[in-house]
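Position chains B and C relative to chain A; hints supplied.
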Amino acid sequence: MAHEGGITVEGLTVRQPETGRTLLSEVSFDVAPGESLAIVGESGSGKSLTVRATLGLLPRGLDATGRVVIDGVRVDDDPRARARQRGGVVSLLMQDPFTLLNPLRRVGRQIADGLPKGADARTEVPRLLAEVGLPADVAGRYPFQLSGGMRQRVGLAAALAGGPRVLVADEPTTALDATTQREVLALVRRVQRDRGMAFVLITHDLRLAFSTCDRVMVMYAGRIMETGGAGAVRDEQLHPYTRALLAAEPPADRRLAVIPAVPGSVPAHDAVAERCAFAARCSLAVPDCLATRPEPLAVRPGRLSACLRAAELPARPAPAPGVAPGPPVTAAPLLDLRDLRRSFAGAVRPALDGVSLTVAPGEVVGVVGESGSGKTTLARCVAGLERPDAGTVTLDGMDCSDYGRLGRTAVRQARRTAQMIFQDPYSTLNPARTIGATLAEALRADGRPASPGDVARLLGSVGLSRDMAGVRPAGLSGGERQRVAIARAVAGEPRLLICDEPVSALDVSVQAQILALLSDLRERLSMAMLFITHDLAVVRQVADRLYVLEAGRCVETGPADRVLDAPSHPYTRTLLSSVPTGSPNWLS
Amino acid sequence: MRPGWLRAPVSVAVALLVLVLAAVAAAFAPWIVPGATAQDLILGISGPGPGHPLGTDDLGRDVLSLLVAGARTAVPGALCVAVGSMVVGNLAGLPAGYLGGWVDALVMRWADLVFSLPALLVAIVVAGVLGGGYGLAIVVLVVLFAPTDTRVVRGAVLEQRHRPYVEAARMKNLSAWRIMTRHVWPNIAPVALANVFLNFAYALVSLASLSFLGLGVAAGSPDWGRTLSDNRTQFLANPWTVIAPGLAIIAVAAALNIVGDWLYERVDARGRAR
Amino acid sequence: MAGRNRDTSPPDGESQEAHDRVQGDGSPGDVLGGGPGGVFQGDASGERAQDDGPGEDPQGGGSGGGARGSGWGGFLGRRLLGTAVVVVLVSVGVFCLLYLAPGSVQQTLLGTRPATPETVAAIQARYHLDEPLPVQYLTWLGGVLRGDLGVSIRTGSPVADMIGERLPLTLALTGYGTLLAVLVGVPLGIAGAVRRGRATDRFVVTAGVVGLSAPPFAVGLLLLVVFAAWLGWFPVYGTGEGLVDRIWHLTLPAAALAVGAIGMLVRFSRAALIRELDQDYVVFARARGLGGAGALAYALRNSLVPILTAAGLVVTGMLAGTVLVEVTFALPGLGSLLVDSVTFKDVPVVQALALLLTLLIAAVNLLVDVGYSLADPRVRLGGRTS
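Residue numbers (the numbering used here), protein chains in the order written: chain A, 1 to 588; chain B, 1001 to 1274; chain C, 2001 to 2386.
Bound conformation, chain A alone:
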């Protein structure tokens, strides 16, 4: 099967000869002209490797085997044919708009560089810019003069310059804000339909895939789990992994009592080479799942599933009903921010422009906003890592606006009252110290006993085994590191936990585990939480009350369900409409 203008991949396998590892095995798919396919997976699923190998753009040190036919030409063993096809037949749009353009070349010229021979740049460049919704004068700018969304549009124009028949987009909107993401995706899909291109979208977000593409292919640990039409997969998943992935994605429209988390984390391909890759985490696994490697087989027309029990999967449980957030707390606030202001040198406008906020004891307060809204600066001011220019921070009745002016005892008390967890699990722990040393130090700093037994108990309280004490962070997965970071923060049982995007760098299945852990700890320690996030679906699950920040100002506040169900400010409504719903109408 070799479509004119389409793409067919059979048995694609990627190896690293130096180490003998296999990263991707037996991946097959095809996309017809005008059709769109979303390849969905968590990190380590091999989704990016799949397209890189398909396009012959693997990083050095990796080898691919398998049959690749693009536009009716077999290219996997023919580098020259690949080179001829790039731009004119197949083009790639990459993830990070901040690095994909040549920083020292005007964008008009960069677009013109990809035009076919003989095309007139003076007419073609403005036409391409118009196609991606940019004015013609953008051509004279340098990339650093454009916003992220504009850069990604320029990237699309450049990718389209050669008139490709196949367009591949590798997480094209992951680095963008939610509102920009929706605009750019809508643009990409419109252009793809107008031009009748075959389209492959790489994404980690199942709902986004459902809304954007005709068909969906779900990958896990370097293998295909399930494929099918977007609507069909949305309505009925024929692989437990797809099911679990979808269930772990929190909904934005209601609060769940418990988010169904998947235990464990994504394994390496070779660790599960001869069995079902998902078996170890699967609630439906039977002994056979560990004995053989299930191949993706057609369960019904147009539907493949690599599950031994695909035909006998129990019916999907009905969606869990929503629960109400905690009742409003009326006690005197534990944290009281008044008219907080903070500017940074060289910035166009202040990061915080007069924000007031309260957190009552035991209450979870969400702060929502996009990049540049000032939410992280807010968290850092509360934590004393940043000093506000004006305004007051009152923590448990004590003025903590400037930690530099507090006495030693006051600082110690403030630090024991409020603790913080950070976004990036990879740099949140000191790589040079063992987990045990990190936690023992935290216990001592908080004035608690710090014997190995105490450390083991602390590890247990975040769901980690005591053996981890001797390990260094490099030996832990992202989710495990975030658990250690949480243990470090709660070692002294603080009354307020500041969470700065604690789950946004994690995979969906791990995110659900961490959210469950946080909610569990909150109940056990009756902590209050200040939860900073860009993700409305996540904040819906945790917050009692919400503050919506835009450009350093608070535009809306209220109980979480009121703000999210009946937003009063247009910005909140825009944010809400930017959350992928999985419906095909989401982009229109």
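None of these hints come from the bench; they were simulated from the model.
Ideal Cβ placement from N, Cα and C applies to all residues, glycine included.
Please note that the accuracy of each hint is not assured.
[Stated by the list, open to error] Simulated coverage check for chain A against chain B, where a stretch passes if three residues somewhere in it have a Cβ under 8 Å from a Cβ of chain B: (1) 425-433; (2) 439-453; (3) 481-490.
[Said to hold, decoys possible] Chain C residues, not near chain B, derived (Cβ > 10 Å throughout): (4) G2111; (5) L2171; (6) L2300.
[Unchecked claim] Cβ-Cβ distance ranges computed for the label pairs, FRET-style: (7) B:F1028 <-> C:G2292: 50 to 58 Å; (8) A:R553 <-> C:L2381: 25 to 33 Å; (9) B:L1021 <-> C:R2198: 29 to 37 Å; (10) A:L58 <-> C:R2380: 35 to 43 Å.
The following block gives chains B and C in isolation, referenced to the frame of chain A:
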């Protein structure tokens, strides 16, 4: 899989061998070649021959023995400079990077000033006007090298300072001193170590240059740079008088650079892999 | 690397600032080494933190091009000011050399001349040794600014004349050496980057390290042994008559001078090109059909700025190297004059030479920074990188 240090490329293995040889020569020269500076004025300069594999210089000293003995002044002095400047660099760069503010401004303005001067020229002028000497040359070089190390350490600290693990330590109310020494420093120590090797190489070359100009060790000492200088008009009679010490300087400096580069790469690779 | 490029690093924080901007992601630019090290090696800073995506930029929204406050004019102004401060401080240091020399100042200035009333009076008239130090400094500086560099203690002739006689040779030697270094070093570095990891690259890297480790005097003597004594292709000593003969005579000295610079340029240009080749925009350029040559052209163009910067900075390293080369080859240039004067404690000559060389180096550094900033639109247009 072999452990990391065993997977060193061949060039690094060769470089380490050269360094071991140089270290042995520097440590045990008086026992290996007891009479290295013994003169034989009657013999004078002669080409390679029995008893003198690399010939003799114009004072009749054995070139091979001088080569071995030369390591004793060339290598330890350079090591002092490299270690000394790194100690200064750590003491200045760690607080400058971590504390910032006026401490940083002060340290960096000092570093900028010294940095804008060509080290070797300043060393020549200062050592020359003060009258030269081995100890003086070392002190001058430490002063001139320290700003680079300060910058390296400060840069590495700045990179760590805003990492969440440092901020978490601040949140735990640990003292700045403890965070600097127990949290930040272990993570920048590999960079500092790599830099010691690179500085070592540059110090070796600089000290040899000063000796060559007569501003380092005393005349007649079996130092590589000095030997080159003493024999720079004699090479027509016995070319080995300049080839041997010249190659020795280049080989040891190159070996240090290769090891230093290799260490840097490993730090880098580790940073990328996280 | 930082240790080696000591002589060739940008002089102060301002140029560091320019380099930081070019890094373009707000993280500290001087990660592993100051100066060019930061630019060429900046892997760690080039890496975008994982949390950049949906996270938050405390500087505000993404759109650049807004803040022009610290634009190019400001950059240039600060650079000029910095250079001026360095030159003034160095002039103070140079003046103090007189007091650093062992023995009394008067003795130093007398040199080997007898201390007769006339000689002492002459020194007094010139140096005002009984005035306070600042006055002495200003008197001396005034003379320097009028072109009066004093009289050599050793030869008794005006220092300005001595320098004038020898300057052309040193400049010719530096120019010749720079030319050789650029013509050999940059292409080698590019070849290494393009064929990264293969035999060519390993050769280039090893050659670069050896070149970098070789002091000019050792190289010079080895070149003399091989090319002058054994092969007889080049003269042993002398400067030659007429242009061709002069070039022939200066070839070995220039080569000795160039070897270290070649090592440095190989390393810088290779690292700069590799860094660019690893960037997303090169992959993107390939992916949309710009072909190997087109993508390489992107990377070459973008690495050219740091490569040329390095080439400019190499010049300043060479000025120091000429001292060693001129002594090795017994050439009558500024370097050998400096060594002779230093050995003889001929302080007025040393002062003049130190000041001149500092000025030359400061000028080259300034030119390099200005060129650098002009070539990069992010500095030139004063935009913030977001």
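Taking the hints in turn, this is what the structure says about them:
1. 425-433: Holds: 8 residues of the region 425-433 of chain A have a Cβ under 8 Å from chain B.
2. 439-453: It holds: at least three residues are needed, and the region 439-453 of chain A offers 4 whose Cβ sits within less than 8 Å of chain B.
3. 481-490: Three-residue rule met by the region 481-490 of chain A, so holds; n is 3.
4. G2111: holds, 13 Å
5. L2171: Holds, since 16 Å exceeds 10 Å.
6. L2300: holds, 23 Å
7. B:F1028 <-> C:G2292: 50 to 58 Å: holds, 55 Å
8. A:R553 <-> C:L2381: 25 to 33 Å: The hinted range 25 to 33 Å holds for A:R553 and C:L2381, with Cβ atoms some 30 Å apart.
9. B:L1021 <-> C:R2198: 29 to 37 Å: holds, 30 Å
10. A:L58 <-> C:R2380: 35 to 43 Å: Given a distance of about 37 Å, which is inside 35 to 43 Å, the answer is holds.
Of the numbered hints stated above, none is contradicted by the structure.
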